[in-house]
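Undergrad: Please take these sequences and the hints and turn them into a complete structure.
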Amino acid sequence: MGDLLFIFVSALVINNFTLALFLGLCPFMGVSARVATAVRLGMANIFIMLITALCAWFLNTYILENMPYLRLISFIVIIASLVQITEVTIKKISPKLFRELGIFLPLITTNCAILGLAIFQTNRGYDFAQGMVFALGAGLGVTLALVLMASIRERLQFSSVPSLAKGVGMVMILAGSLSLAFMGFAGLFSA
Amino acid sequence: MSPRQTTPTQDLMRGVWKENPVLIQMLGLCPALAVTNTVMNAIAMSAATTFVLLGSSLLISLLKNHIPKEVRISAYILIIATFVTVVDFSLNALAPLVHKELGAFIALIVCNCMILARQEAFASKQRVGRSLLDAVGTSAGFTIALLMMGISREVLGNGTFLGVNVMGPHFEPWIIMILPPGAYFAIGFILLGVGYWQERKQPPTKRPRDWPHGVRSSTGPADSRRERQVA
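Taken in sequence, the protein lines are chains A and B. For the first sequence, my numbering assigns the number 1182 to the initial residue and increments by one for each residue that follows. For the second sequence, my numbering assigns the number 82 to the initial residue and increments by one for each residue that follows.
Be aware that a few hints might be false.
Claimed, not checked - SDA-like cross-link-like pairs, simulated, lysine to any residue; straight-line CA separation at most 20 angstroms:
no. : chain 1 : residue 1 : chain 2 : residue 2
1   : B       : Lys181    : A       : Gly1306
2   : B       : Lys181    : A       : Ser1358
3   : A       : Lys1347   : A       : Gly1365
4   : B       : Lys150    : A       : Val1258
5   : A       : Lys1347   : B       : Ile105
6   : B       : Lys181    : A       : Pro1249
7   : A       : Lys1347   : B       : Gln279
8   : A       : Lys1347   : B       : Trp278
9   : A       : Lys1347   : B       : Ala174
10  : B       : Lys99     : A       : Ala1261
11  : A       : Lys1347   : B       : Gly274
12  : B       : Lys99     : A       : Gly1348
13  : A       : Lys1347   : B       : Tyr277
14  : B       : Lys282    : A       : Ala1346
15  : A       : Lys1347   : B       : Phe270
16  : B       : Lys282    : A       : Thr1270
17  : A       : Lys1347   : B       : Glu280
18  : B       : Lys99     : A       : Met1248
19  : B       : Lys282    : A       : Ser1262
20  : A       : Lys1347   : B       : Val275
21  : B       : Lys150    : A       : Gln1265
22  : B       : Lys181    : A       : Tyr1250
23  : B       : Lys282    : A       : Gly1306
24  : B       : Lys99     : B       : Pro89
25  : B       : Lys282    : A       : Tyr1250
26  : B       : Lys145    : B       : Leu213
27  : B       : Lys150    : A       : Arg1305
28  : A       : Lys1347   : B       : Gln283
29  : A       : Lys1347   : B       : Pro89
30  : A       : Lys1347   : B       : Gln106
31  : B       : Lys150    : A       : Leu1345
32  : B       : Lys181    : A       : Asn1304
33  : A       : Lys1347   : B       : Lys282
34  : B       : Lys282    : A       : Gly1350
35  : A       : Lys1347   : B       : Lys145
36  : B       : Lys181    : A       : Asn1196
37  : B       : Lys150    : A       : Ala1261
To be clear, the hints were calculated from the coordinates, so they are not data collected in a lab. Being a predicted model, the structure only gives us computed values, none of them experimental.
TA: The structure is reproduced here in C-alpha cells:
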C-alpha cells in the first residue's frame, strides 16, 4: 500500500510530468490561457492516461513479452485508436461532454505525455495496480500544472508586462518558477 | 504555395534560422528542454532526431502518391515510429551509456511534432531531393537550438564544456541550470532574445500590434510573410 502511495505522490508532484519531466509541453503552452479549458483538457488527459495504462499493461503482459522491437509501434497505434474510440463513445453517450472537450480530444494522440506514460510504465515493470495508480497520479499532475499555469496567465492579462515578454518566453520563465517550487516536494519521501 | 516558388537554397536555409523549428515555430520543445543538461546529450539527441527526420522525409516523399489522403497522418506516424525504433535499438547497442542518459526520450522522438509537421507540410507534397534538403535544414535548426540550450546549461550549471572545465577553478556552478527549472529559464531567456532580435529587425512604423498570445496578426508584414512560407 505504501508502495502505491509512493508511486502516486511521485507521479503527482515529485516527478510531475510537465514541470519535472518536460512531457506534454505543447498543450501546456497552447491551452493554458484560461482555467476552464485547462481543467477540461486535464480531465481528458486523466481519462486517456488511465485507459492507456490499462492497454499498455495488457500488451506488455500478454502480447509483447518477446517482441520489444514492436513495442513503440504498437503503443502508438493503440493510443491513436483508443483516442478515436473514446471520441466516438463519448459522442454517443454524452454529446454535451463531447462538445465541451472539442478539439482537445483528438489532439491528445500526439501528446508525448501519453506515450511517455506507457514507456515509463514498461521500463519500470509496473504491475496492474501500480500502473493504474501511476496513470492517475500522472494525469492529476498534468492537470495541476495546467491549472496553475492558466491561473497565473489569467492574472497576467491584467498586469502590464513589456511587449517583448508577452509571448512564449514569459510563459517559459513562469514555468521555470513553478518547476522550482515543485522541486521542494523532492524531499517528501527521502526518509 | 506552388512547389516551384522556392529555390533549393531557400528550402535548405529556411529551417536553419528564419523558421527555426524550436526557437521560432515552438515545435519539438520537449526534447529541447528535457535532454539538454549537457552538450553531449544535446548532440546525441540532435543526431538521433536528424536520422529520424531524414529517413522519414525520404520514405514519405517517395511514397507520397501511394499513401491515401484519409489515413496519411497514421501512415506518417507509423513510418516515424519505425525509424525511431531503429535509432533506439542501434543506440542501445552502439552507445549504451548515451542511451541510458537519454532514457525514454529517444522513444519519445515519435511525438516530436517538428518531424510530423515537416512531413505534413513539405515531404508529402515535394520531390525527394527537395524534401531531403528541407529535412537537412530543419535538422540543422533543431541542432542549433539544442546546442544553444546545451552549451548555456552545461557551462553555467557545471562550469564545463563537453566535460572540459572552461570557467576556471573559482567558478561556483549554478546547479539550478542543470536541473529542470534551469531548462525553463534557459529557453525562456533564449526566446526573449529571439523576440528582441525579431523586433529590432522590423522597421519601427511597421511593427504589428501586440496581440495576445496565440492570435496571429493578419496585418503585420512580417507575420503574413512567415505564414505564406509555412503554408
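Undergrad: Does each hint fit the structure? Answer for all of them.
TA: Comparing the hints with the structure gives:
Using a Cα cut-off of 20 angstroms, the hinted pair B:Lys181 and A:Gly1306 holds, with the two alpha carbons roughly 17 angstroms apart. For the suggested pair B:Lys181 and A:Ser1358, the alpha carbons sit about 28 angstroms apart, so the restraint of at most 20 angstroms is broken. Of the supplied pair hints, the one linking A:Lys1347 and A:Gly1365 is violated, its CA atoms being roughly 28 angstroms apart against a limit of 20 angstroms. As the CA atoms of B:Lys150 and A:Val1258 are separated by approximately 18 angstroms, the hinted pair is consistent with the 20 angstroms bound.
Between A:Lys1347 and B:Ile105 the CA atoms are separated by roughly 15 angstroms; this keeps the pair inside 20 angstroms, and the hint holds. Of the pairs offered as hints, the one joining B:Lys181 and A:Pro1249 holds, with about 17 angstroms between alpha carbons and a cut-off of 20 angstroms not exceeded. For the proposed pair A:Lys1347 and B:Gln279, the alpha carbon gap of about 14 angstroms is at most 20 angstroms, so the pair holds. Restraint check: the Cα-Cα separation between A:Lys1347 and B:Trp278 comes to about 15 angstroms, which is no more than 20 angstroms; the hinted pair holds.
Note on A:Lys1347 and B:Ala174: the hinted pairing is violated, with a Cα-Cα distance of about 45 angstroms set against a maximum of 20 angstroms. For a cut-off of 20 angstroms, the pair hint linking B:Lys99 to A:Ala1261 is broken: about 33 angstroms separates their Cα positions. For a cut-off of 20 angstroms, the pair hint linking A:Lys1347 to B:Gly274 stands: about 13 angstroms separates their Cα positions. Between B:Lys99 and A:Gly1348, the direct Cα distance comes to roughly 17 angstroms. Compliance with the 20 angstroms bound is thereby established for this hinted pair.
Between the alpha carbons of A:Lys1347 and B:Tyr277 the distance comes to roughly 11 angstroms, so the proposed pair stays at or under 20 angstroms and holds. Note on B:Lys282 and A:Ala1346: the hinted pairing holds, with a Cα-Cα distance of about 17 angstroms set against a maximum of 20 angstroms. With a C-alpha separation of about 13 angstroms, the suggested pair A:Lys1347 and B:Phe270 falls inside the 20 angstroms cut-off, and the hint holds. Between B:Lys282 and A:Thr1270, the direct Cα distance comes to roughly 51 angstroms. Violation of the 20 angstroms bound is thereby established for this hinted pair.
The straight-line distance between the Cα atoms of A:Lys1347 and B:Glu280 is roughly 13 angstroms, inside the 20 angstroms bound, and the hint therefore holds. Restraint check: the Cα-Cα separation between B:Lys99 and A:Met1248 comes to about 43 angstroms, which exceeds 20 angstroms; the hinted pair is violated. The hinted pair formed by B:Lys282 and A:Ser1262 fails the criterion: a straight-line CA distance of about 46 angstroms is larger than 20 angstroms. Restraint check for A:Lys1347 and B:Val275: the C-alpha separation of about 13 angstroms stays at or below 20 angstroms, so the hint holds.
The hinted pair formed by B:Lys150 and A:Gln1265 meets the criterion: a straight-line CA distance of about 18 angstroms does not exceed 20 angstroms. Taking the CA atoms of B:Lys181 and A:Tyr1250, the gap is near 17 angstroms; set against the 20 angstroms cutoff, the hint holds. Proposed proximity of B:Lys282 and A:Gly1306 is contradicted: the alpha carbons are some 52 angstroms apart, above 20 angstroms. Of the pairs offered as hints, the one joining B:Lys99 and B:Pro89 holds, with about 15 angstroms between alpha carbons and a cut-off of 20 angstroms not exceeded.
Annotation: proposed proximity of B:Lys282 to A:Tyr1250 is violated, straight-line Cα distance about 48 angstroms (limit 20 angstroms). Annotation: proposed proximity of B:Lys145 to B:Leu213 holds, straight-line Cα distance about 14 angstroms (limit 20 angstroms). Under the criterion of a C-alpha separation no larger than 20 angstroms, the hint pairing B:Lys150 with A:Arg1305 is inconsistent with the structure, at around 38 angstroms. Using a Cα cut-off of 20 angstroms, the hinted pair A:Lys1347 and B:Gln283 holds, with the two alpha carbons roughly 17 angstroms apart.
With a C-alpha separation of about 35 angstroms, the suggested pair A:Lys1347 and B:Pro89 falls outside the 20 angstroms cut-off, and the hint is violated. Taken as a hint, the A:Lys1347 and B:Gln106 pair is honoured in the structure, with Cα atoms around 16 angstroms apart against an allowance of 20 angstroms. A threshold of 20 angstroms between alpha carbons decides the hint, and for B:Lys150 with A:Leu1345 the separation of about 41 angstroms lies outside it, so the pair is violated. Between B:Lys181 and A:Asn1304 the alpha-carbon distance is near 12 angstroms, which keeps this suggested pair within the 20 angstroms criterion.
Annotation: proposed proximity of A:Lys1347 to B:Lys282 holds, straight-line Cα distance about 18 angstroms (limit 20 angstroms). Proximity of B:Lys282 to A:Gly1350 is assessed by CA-CA distance (about 18 angstroms); at most 20 angstroms being required, the pair is judged to hold. For the proposed pair A:Lys1347 and B:Lys145, the alpha carbon gap of about 40 angstroms is over 20 angstroms, so the pair is violated. In summary, the hint linking B:Lys181 to A:Asn1196 is supported, as the alpha carbons are separated by about 18 angstroms, within the 20 angstroms threshold.
The suggested pairing of B:Lys150 with A:Ala1261 holds, with an alpha-carbon distance near 17 angstroms, which does not exceed 20 angstroms.
Figure legend: structure checked against the earlier numbered hints; hints not met, in rising order: 2, 3, 9, 10, 16, 18, 19, 23, 25, 27, 29, 31, 35.
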